[in-house]
Amino acid sequence: MKYFYYPGCSLEGTAQEYNLSTETFMAAVGAELIEIEDWVCCGASAAAPTSHLLSLALPAINLAIAEKANAENQNGNLDILVPCSACYINLKRVEEVTRKDTALLNKINLVLEVEGHQLQGNIHVRHLLDVIVRDMGMEMFRERLKKPLDGISVAPYYGCQCLRPYRVFDDPEDPRSMEPILKAVGASVHSWNKGGQCCGASHTTTKPEVGLELVAAILKEAKGADAIVTVCPMCQMNLEAYQKKIAHKYQEDINITILYLPQLLCLAFGLSENKIGLDLNLSVTDQFREKIGLKQRKSSE
Amino acid sequence: MNLMQKTKTKTKTEKDDQLTNKLLTSVKEMVQTCMQCGTCTASCPNAFAMDYTPRYLWRLVLMEKTDEIFHSKTFTLCSSCYYCTLRCPRGLELTDAMALLKQIAARQKLPQYKQSSLFYKNFMESVRRHGRVREMEFMTLYFITMKNPLVPLRFIPLGMKLMSKGKVSLGNPLKRSGALNAVFKKVEELEAGS
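Heads up: the sequence lines are chains E and D, in that order.
Under the numbering used here, think of the first position of the first sequence as 510, with each following residue one higher.
Under the numbering used here, think of the first position of the second sequence as 3, with each following residue one higher.
The set of hints was computed from the structure by calculation and includes no laboratory data.
The hints are all genuine.
With beta-carbon atoms standing in for the labels, derived distance ranges: (1) E:Ala756 with D:Gly40: 29 to 39 Å; (2) D:Glu16 with E:Asn586: 47 to 57 Å; (3) D:Asp19 with E:Asn783: 50 to 60 Å; (4) E:Val677 with D:Phe157: 26 to 36 Å; (5) E:Ala756 with D:Asp18: 42 to 52 Å; (6) D:Asn23 with E:Arg685: 40 to 50 Å; (7) E:Gly646 with D:Pro159: 39 to 49 Å; (8) E:Lys511 with D:Cys39: 45 to 55 Å; (9) E:Gly625 with D:Ser166: 39 to 49 Å; (10) D:Lys24 with E:Lys511: 37 to 47 Å; (11) D:Pro159 with E:Gly802: 29 to 39 Å; (12) D:Thr147 with E:Asn783: 36 to 46 Å; (13) E:Leu619 with D:Asn23: 15 to 25 Å.
For glycine and all other residues, C-beta sits at the position ideal for the given N, C-alpha and C.
Working from the sequences, and respecting the hints, build out all of it.
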């Protein structure tokens, strides 16, 4: 297993632990990641409201760099692996639209030309969860299982953009792809219907009165679970960063551990918490640490 | 000199208006076959906070009620969850249509859309300069252009938390400064010419 790796800007900043745990996890299962050289921002959710062409050109630069490396290397045709759902949807959109619309591909290439890039449109973009679900057998997880997550109930949270609008590896209405993986590492699956509901995205920043409503609805439904796992830095931040504010607003205890999926899997593999940047998470409860057999932290949080 | 500046500004405004009209026509084409079933409204997680429902907004687009569309905050509340796009029985790309409306509002510099469009604008400025987003710089730019001292206050608790975790990094920008200048310029050129 070998992939081009597109970490994206969040994974260099607020989601460093997602970057670290993805790398640790991939190494643990014997997969190789080759970071796309000089990758650029995908435009996030800011490029599309600014300019349609720019929102396609930015991700296209990354696809073009990877395509060129594919053509020059003996690696064969590697796919691009993307852990962030917002980056994923932007890169994936370019793959999808350029396959159907040659005129648009040509227009994008007019922009790419100024940087010396050219896109053919034959490379595949895949979300981390897609790679975990479809390229790795459950046997792989069972073989590496050192600390089964017995008695731990996990709520799988998929968010929106790894599921919609591109129907690739899961049911966008009723996502279930994480369940066999969670069970393979010994956890039980918290039954809920919030897995594919919106976390509010950037509303938590620009329109907190709306965004926090959506986050609160998700956290309330997760009651009874020991942790929520996510596969997107935006979802992760929204679910972990505003718990105190929401608890205060609704006068309800909604405090819960929020982990990235590869972090949880690495814990089950018996890997140390330093290797997955667990101290960088904003919400890991003492009860969870105790239940999973980690030493209590001294910090005030 | 003054006159020249004025002429220049006017031409720019005219160009902006032309582009706005063109974009609005695109939105209309995108929702042309809407049959007003309301599946989009029923699927929208943000509908509770909207003044007009998404279904009503598409009707306004078809009726070309431009003022009402842009006085409404409906499109600014789209969080791009793609439920409406997934479920629309007509197969309309409604999330993309919302994104186009956001684009028009940002170009028109509509006051009620100011907070979001400044957020986007400063984000893209950080990308243009460095090729990647430097979160700290982007938020600083955003606060300065907001010119509202109360906005940053809201972010202090989270900002402190992130800083104490060493998460507010300066990023690893590309080696060149003004990294994506040429790309941004070419896009502008192509969009103005088309």
